[in-house]
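Can you build the whole structure from these sequences, using the hints too?
First residue of the sequence shown? That's 1 in UniProt numbering, and the numbers climb one at a time after it.
Keep in mind that the hints are not guaranteed to be accurate.
Label pairs and their calculated CB-CB ranges [stated by the list, open to error]: (1) ARG39 x THR245: 15 to 25 Å; (2) GLN98 x THR194: 54 to 64 Å; (3) ARG78 x ARG289: 25 to 35 Å; (4) CYS150 x PRO229: 19 to 29 Å.
Derived from the structure by calculation, the hints contain no laboratory data. Here a beta-carbon is modelled for each residue, glycine too, at the ideal position from N, C-alpha and C.
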Amino acid sequence: MQHDVIVIGGSYAGMAAALQLLRARRHVLVIDAGQRRNRFAHHSHGFLGQDGADPAEIAATARRQLEAYRTLSWIDGRAETASGQKDDFIVTVQDGAQHRGRRLLFATGVSDTLPVIEGLQERWGVSVFLCPYCHGYELDRGRIAVIATCQMSLHQAQLLPEWGEVTLFTNGAVAPDDAARADLEARGVAIEPTPIARIADHAAIVLRDGRKLPFAGIFTTSHNMPATPIATLMGCELHDTPFGTQIKTNDAKQTTVPGAFACGDAARVPHSLSLAVADGAWAGANLHRSLVWPDA
Numbered sequence: 001m002q003h004d005v006i007v008i009g010g011s012y013a014g015m016a017a018a019l020q021l022l023r024a025r026r027h028v029l030v031i032d033a034g035q036r037r038n039r040f041a042h043h044s045h046g047f048l049g050q051d052g053a054d055p056a057e058i059a060a061t062a063r064r065q066l067e068a069y070r071t072l073s074w075i076d077g078r079a080e081t082a083s084g085q086k087d088d089f090i091v092t093v094q095d096g097a098q099h100r101g102r103r104l105l106f107a108t109g110v111s112d113t114l115p116v117i118e119g120l121q122e123r124w125g126v127s128v129f130l131c132p133y134c135h136g137y138e139l140d141r142g143r144i145a146v147i148a149t150c151q152m153s154l155h156q157a158q159l160l161p162e163w164g165e166v167t168l169f170t171n172g173a174v175a176p177d178d179a180a181r182a183d184l185e186a187r188g189v190a191i192e193p194t195p196i197a198r199i200a201d202h203a204a205i206v207l208r209d210g211r212k213l214p215f216a217g218i219f220t221t222s223h224n225m226p227a228t229p230i231a232t233l234m235g236c237e238l239h240d241t242p243f244g245t246q247i248k249t250n251d252a253k254q255t256t257v258p259g260a261f262a263c264g265d266a267a268r269v270p271h272s273l274s275l276a277v278a279d280g281a282w283a284g285a286n287l288h289r290s291l292v293w294p295d296a
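The structure is reproduced here in structure tokens:
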């Protein structure tokens with residue numbers, strides 16, 4: 001069977017795109033490896049109608065709703081390769097099975113590369129965060145740490161006083177110039193140059209000089225890459241952003257490979273659940289239009 005669209009990645013953006021296509025009565029295959037980026041978080045915030053909900057339940061509810069459409073096919077597995085061209089793509093999954101589609105959508109999400117600090121990785125999404133709009137309110141204006149990784153960390157430290165009392169740990173990653181330092185100090189941000197030894201307890205930073213500083217939460221900036229290289233291997237171009245590398249698309253979410261589209265965290269910045277859903281819905285609509293007007 002040749003599907004109208006094969007969606008690689010069945011998280012929020014991929015499902016949002018699939019929904020538009022299913023409602024247009026198109027045959028859609030979703031291939032999902034089950035590795036949601038926010039799988040470590042217990043609550044999702046900032047998504048209208050779902051504020052505070054378990055992100056796993058949001059995803060499960062969405063899948064149940066998609067399964068009500070008879071033209072949906074779903075594979076729980078990893079897409080290994082994609083090849084072919086517009087109107088005749090082939091996707092091979094991990095068991096060796098091949099599936100054909102007229103269009104492709106890469107909704108693979110991204111991987112997060114975090115600073116190499118003992119205790120940081122296991123607290124990601126629990127007490128170590130990226131987005132203040134997603135997690136800042138719940139810190140109840142408590143003490144907030146920002147662990148610098150790049151120049152974007154200065155922007156993060158400038159923004160976070162909206163949610164609490166902020167300390168920026170430069171940790172050898174940034175060196176604020178006089179103007180940046182004056183701006184941070186005007187916002188009440190303390191600057192701590194001592195390197196970090198490890199993260200302890202819920203959100204305490206232990207410095208190399210032995211001091212242990214407790215916080216309500218910690219923010220840092222991760223470096224992003226598409227969670228799988230499948231789009232790159234297909235020939236899609238990437239481009240750099242302040243947050244890392246993403247799949248290059250035009251305004252219609254079309255990649256540099258004709259007939260292949262991309263959406264969600266792998267193809268836009270900034271990142272959040274609500275923005276991923278919106279991006280997926282827009283990609284789905286544009287995919288449908290490309291099937292209706294293939295030469296446009």
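Hints that the structure is at odds with (numbers, increasing): none
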